[in-house]
Amino acid sequence: MRIEISRLTKTYRGGVHALDGLDLDVPTGMYGLLGSNGAGKTTLMRILAGLLKPTSGTVRIGGHDIATADGRLAVQRALGYLPQDLGVYPDLTARQFLDYIALLKGIDSRATRRRRIGELLEVVALTQDADRRLKGFSGGMLRRAGIAQALLADPRLLIVDEPTTGLDPEERIRFRTLLSQLAGDRTVLLSTHIVEDVAQTCRLLAVLTKGRLAFTGDVGGLVSQADHRVWTLTTPGPAPSHGRVVAAVPEGTGMRYRLIAPTAPDPYARPAEPTLEDGYLALMETGR
Amino acid sequence: MIATFRYEFRMQIRRPVLWIVYGLTFAVIVITLNPAYVDLQRSNDRDDPMTAMIVSADLLMSLLPIVYGCLLADRLVRDRRLGVVGVLDATPTAHTTRLIGKYLGTCAATAVPFTLAYFGRAVVYAIVEGEPSALGWAVVVFVTTTVPALLFVGALGLAGPLLMPPMLFQVLFVVYWFWGNLIYPSMMPTLADTILSPNSQYVAYGLLGYTPAPPGPTETHLIIGPDYYTYGGPTPGGASLDFLRPMADAPVALLWIGVMLVLAVFVLSLARLHTTRTES
Chain E
1 MRIEISRLTK TYRGGVHALD GLDLDVPTGM YGLLGSNGAG KTTLMRILAG LLKPTSGTVR
61 IGGHDIATAD GRLAVQRALG YLPQDLGVYP DLTARQFLDY IALLKGIDSR ATRRRRIGEL
121 LEVVALTQDA DRRLKGFSGG MLRRAGIAQA LLADPRLLIV DEPTTGLDPE ERIRFRTLLS
181 QLAGDRTVLL STHIVEDVAQ TCRLLAVLTK GRLAFTGDVG GLVSQADHRV WTLTTPGPAP
241 SHGRVVAAVP EGTGMRYRLI APTAPDPYAR PAEPTLEDGY LALMETGR
Chain G
1 MIATFRYEFR MQIRRPVLWI VYGLTFAVIV ITLNPAYVDL QRSNDRDDPM TAMIVSADLL
61 MSLLPIVYGC LLADRLVRDR RLGVVGVLDA TPTAHTTRLI GKYLGTCAAT AVPFTLAYFG
121 RAVVYAIVEG EPSALGWAVV VFVTTTVPAL LFVGALGLAG PLLMPPMLFQ VLFVVYWFWG
181 NLIYPSMMPT LADTILSPNS QYVAYGLLGY TPAPPGPTET HLIIGPDYYT YGGPTPGGAS
241 LDFLRPMADA PVALLWIGVM LVLAVFVLSL ARLHTTRTES
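For the protein sequence lines, the chains are E and G, in the order given.
In terms of the numbering used here, the first sequence opens at residue 1 and continues consecutively.
In terms of the numbering used here, the second sequence opens at residue 1 and continues consecutively.
Take these hints with a grain of salt, some might be off.
Unchecked claim - Pulled from the structure, derived: some chain G residues nowhere near chain E, Cβ distances all over 10 Å:
no.	residue
1	Thr4
2	Thr25
3	Val84
4	Val85
5	Gly86
As the list claims (entries may be wrong) - Derived CB-CB ranges, DEER-like:
no.	chain 1	residue 1	chain 2	residue 2	range
6	G	Ile2	E	Arg77	33 to 41 Å
7	G	Ile2	E	Ser56	36 to 44 Å
8	G	Ile100	E	Asp218	26 to 34 Å
9	G	Leu168	E	Leu73	33 to 41 Å
10	E	Ser36	G	Trp179	21 to 29 Å
11	E	Arg77	G	Pro165	30 to 38 Å
Stated by the list, open to error - Short derived list, chain E residues pointing at chain G, Cβ under 10 Å:
no.	residue
12	Val16
13	Arg72
14	Leu73
15	Tyr81
16	Val88
17	Leu92
18	Asp99
19	Lys105
20	Gly146
21	Ile159
22	Val249
23	Thr263
24	Asp266
25	Tyr268
Honestly, the hints are just simulated from the structure, not real lab data.
We put the beta carbon where it would ideally sit given N, CA and C, even for glycine.
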């Protein structure tokens, strides 16, 4: 499902501009949305999921205009949504919770629900815990239950907002792999502030800052934002004042710094190969 | 709607607090206010099944709606508190449909202990007195007097906490219940005994033809005031808001049922409107 966003603006009561004339085109496949906290990612996700009305602008998903009730309904029928702060009913078991959401998604046949829930519990490795109440679940288990509920109706559009926050490294990797596998002919929109998650899963991405589009393109394009601007420096003294320190590792009697700066921050600084994180930080530096 | 009804019913009926609070309140009613509720030998209404069922319903309606309203107070706001609302709103099921399902499901579950207490007594009465017609009267009285009242109180209990913290709502609800339903009208301006009061007796008097027996020696009546025979009409001696206390007859009884239903719909509509405003 292609997402076409045109001049999208969202202003909250009190005059806070969460989105400011955003234009974005999201094709089928895995798509990353990066941005710092408060950049407007969650607002955008909530608008796309039909939870929030934009102040102005248009959003078409799979050809449906979400400003209309019919369009919103058509999108929600094809949507799987994992919100940033997923809540559950603590007194329901994982199986019951999924059954409830499946009913709300219009899966009326009990046999179909049972089969689908069984499959998804298997996919997210919760089969053994399916009949435990959700109040006893860890953060990672809840996220997995969350992704299972998002996949219930075999959605063509999957929106996941900060899905790996709070997961341990092993669970994060497992989650990212799952999302990549799911992409296929779906549109999976992954919103996160964790650059590594996008680096490992997405070919295309956009970067939001202060409600505006700061970058859109492929991963290589974002990495190239830091070309000739990444430096390493090993020194016993303090970090140079010129440039932004992105890493500091103790080494022998000194420190090895990784910096982003338009020119060499120190005569002894040596150029380094940029990563996606460097590209993202360089982009943020440019926008300041 | 059936899905929401089913799961909201299930979640509410499983709450231990539902059974504990109802049990304690019921015990207070029986022990301190009317032992005749469980001791039929002390009841003065045993010769008339309809009267017995009306008195039963009246007695339960005195205090149990407080429990009913308070136990509903967190049901609507908890979706937001738990963070479930995002997932629910992203489904194709309309918000209004879910609201109605939640309303009916939680109200039905919260009314279960109430219903068990009422029909339990009806069954015991029917057996002890050899009056099977009591069961039929129990259904008639419950449907016409208790259900409309609970529908309104349920809507109020569910929607009220949208405007204030649930704890504050519960306190104010208890105050409302005593002031608006149990105070004798000549003591102060009150909604008690008016067409707007869920505890009114318009159906009993106007539709079912109930005429109360004088209070028995062991009976204590909950209406705080001097005159026991004041239901279903203007207050003897006059009271403020008496224009809301028409004489009880069949049309007025039906009007009362209609008012309860309209108030329930009105409160739920406000709740829906409030949610729409907070969404944007």
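Hint-by-hint comparison with the structure:
1. Thr4: At roughly 7 Å from the nearest Cβ of chain E, Thr4 (chain G) sits no farther out than 10 Å, so the non-interface label is violated.
2. Thr25: 23 Å, holds
3. Val84: Contrary to the label, Val84 (chain G) does not stay out of reach of chain E, its closest Cβ about 4 Å off (not over 10 Å).
4. Val85: 8 Å, violated
5. Gly86: Answer for Gly86 (chain G): violated, closest chain E Cβ roughly 4 Å.
6. G:Ile2 with E:Arg77: 33 to 41 Å: 19 Å, violated
7. G:Ile2 with E:Ser56: 36 to 44 Å: Because 38 Å falls inside the window, the suggested range holds.
8. G:Ile100 with E:Asp218: 26 to 34 Å: Since the Cβ atoms of Ile100 (chain G) and Asp218 (chain E) sit about 48 Å apart, the hinted range of 26 to 34 Å is violated.
9. G:Leu168 with E:Leu73: 33 to 41 Å: 37 Å, holds
10. E:Ser36 with G:Trp179: 21 to 29 Å: 53 Å, violated
11. E:Arg77 with G:Pro165: 30 to 38 Å: Distance hint for Arg77 (chain E), Pro165 (chain G) holds at roughly 36 Å.
12. Val16: Violated: closest Cβ of chain G sits about 14 Å from Val16 (chain E), beyond 10 Å.
13. Arg72: 9 Å, holds
14. Leu73: 6 Å, holds
15. Tyr81: 4 Å, holds
16. Val88: With a minimum Cβ separation of about 6 Å from chain G (threshold 10 Å), the hint on Val88 (chain E) holds.
17. Leu92: Holds. Min distance 7 Å.
18. Asp99: 8 Å, holds
19. Lys105: 5 Å, holds
20. Gly146: For Gly146 (chain E), the interface hint holds, since the closest Cβ of chain G sits about 8 Å away, which is under 10 Å.
21. Ile159: With Cβ-Cβ at 8 Å, under 10 Å, it holds.
22. Val249: It is violated, given that the least Cβ distance between Val249 (chain E) and chain G is near 38 Å, above 10 Å.
23. Thr263: The hint is violated - Thr263 (chain E) has no Cβ within 10 Å of chain G, the shortest such distance being about 46 Å.
24. Asp266: Not OK, violated: Asp266 (chain E) not within 10 Å of chain G, min 48 Å.
25. Tyr268: Violated. Min distance 51 Å.
Consistency with the previously given hints fails for numbers 1, 3, 4, 5, 6, 8, 10, 12, 22, 23, 24, 25, ordered from lowest to highest.
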